[in-house]
Amino acid sequence: MPDVDVIVVGAGPAGACAALTLARSGRDVVLLERGPFPGSKNMYGGVVYPRVLDGLIPQWWDEAPIQRWVTRRSTMMMTATQALAVDYRTEAWGQAPYNGATAYRPDWDAWLAGKAEAEGARLLCSTTVTGLLRDGTRVVGVRTDRPEGELSARVVIACDGVNSFLAKEAGLYHDTDPGHFTVGVKETVALPKSVIDERFGVRGRHGVDIEMVGCTSGVPGGGFLYTNLDTLSVGVVLKVPALAAQARRPEEIIARLKAHPAVAPLVEGGELKEYSAHLIPEGGWEMMPDLGCPGMLVAGDAAAFCLAAGIWLEGVNFAMGSGMVAGQVIDRAFRRGTAAGAELPALYRRALSGTFVLQDHRKLRRAPRLIMSDRVQERYPALAAGVVERIFRIDNPAPKPGLRRILRGEQHRTGVRLRDLARDALDGWRSYG
Amino acid sequence: MIDVEALTIEGEEWPTTSFEDRMATTDFVVHERAHISVDGDACRGCTTKACIVACPANLFVPTADGGILFNYEQCFECGTCYLACDTEGAITWTYPDGGFGVVFRRS
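Going line by line, the protein sequences match chains A and B. Numbering-wise (our numbering), the first sequence opens with residue 1 and increments by one. Numbering-wise (our numbering), the second sequence opens with residue 1001 and increments by one.
Isolated chain A, as found in the complex (with noise of 0.2 Å):
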């Protein structure tokens, strides 16, 4: 007789959201933290989309512990010298059921996990899980480091992060390129909420998420700028082996995006409260492991359940709807007296298919190697910011050139190649369109 019905390994957004799922349907479960308190391990660059707990806690909004709601959103394309950003505001976003939000992973982890507890999942934090046991091919549990630490359930839900140990233990990993991982570098920069509400034109609870393209010092990956409520959030993020390959530190990047022009007037004055930094899987489906085996599933980060896309950058929203539907799974599968049974990640999988999780990696598939490509990085913001800089710059006496000659000048100059142009509009038509 196991010990549980399901344990969890990872109190994050994945691990709490299939707890609460589970305990609400009356199953025992037990969910494992290997911090002091959930969230406590936990970084990301600091914008969550909450929209899928509609349904799980409804008028999520009047106690989720946010910092600000984002009302406005830009996304900058730059050069050492330029900047060319879409920005744009809407009042939308600032009312119920709200977009996005800042938000601290302690603060929002730590009140997600709570939710679970409330539902009557049992939290243990401060337990490292170091491997797992098995039954022949089956997993019927998991070692701790607490003393006589082992563990046995019927289901084990692994919700363990980026670096899924127990994924790879369980050998569902089958391509660890290093070039699918990115690494997030963040500086928490405190600044007065007036100074805030005043250099980012946003007032009371709303605020801004910066994306910015071609800020990197040539490493392929991206930057960010989030208002909190009092510090900012503003840091980079970077592809593993690129990194490594060149001469210039993390902070080094950050300290030369912070003096960038176009945001060292936003970021000016700052204290800094917390340096952080965290791993990101955002090779999406390419790098996607198999969902489980006989008696353990995969949910959030721990799946490579992250989406890079660009325009969209999302992942605790994929780890809190993974890991529900792994719940809602387990549960069905227990109502049938199945949950022993080796089609159990068939089953988590046709469910997830049928879900926002699968179906937004698998449509924007080929938008990793897209947005980490030398064109997207650097060729097509430099060609963006020419052009626009050749509009609007008044020559006189010379003459307003026609559109057609300065997108063939500007073409010349950054070396884009029409074909390569065609090429990623097609890819990125299939991708986005």
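Check each hint, because a few of them may be wrong.
Here's a subset of chain B near chain A, in silico, CB distances under 7 Å, partners left out [to be verified]:
(1) F1076
(2) L1083
(3) A1084
(4) G1099
No wet-lab data here; the hints were simulated from the structure. In this text, all values refer to a predicted model and were calculated from it rather than measured experimentally. Here a beta-carbon is modelled for each residue, glycine too, at the ideal position from N, C-alpha and C.
Here the structure of chain A is known, so what remains is to put chain B in place on it, guided by the hints.
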């Protein structure tokens, strides 16, 4: 081809915060057991030493004899080092014991 190196920013300011002060902003509960170990002998044959530049916490320090000195105490537990490392067996990576290691702060 755009020469990235040529695109340096005029009057660019380098971080005024020392790296030590930077790391002092993050909380760590240090355990006596090193959760990551580095085999200095394996590192001596490595020509790239990618860990030195890639580790966000700057925990890998080259030694005079061509090896690597590693300190686990201020580790973010991110995993960048083992991904960047191409020397088989040089880095042994586990999580710290429960409750130890990096603790990111609540608001």
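Comparing the hints with the structure gives:
| no. | hint | in the structure |
| --- | --- | --- |
| 1 | F1076 | holds, 4 Å |
| 2 | L1083 | holds, 4 Å |
| 3 | A1084 | holds, 4 Å |
| 4 | G1099 | holds, 3 Å |
In the structure shown, no violation is registered for any of the earlier numbered hints.
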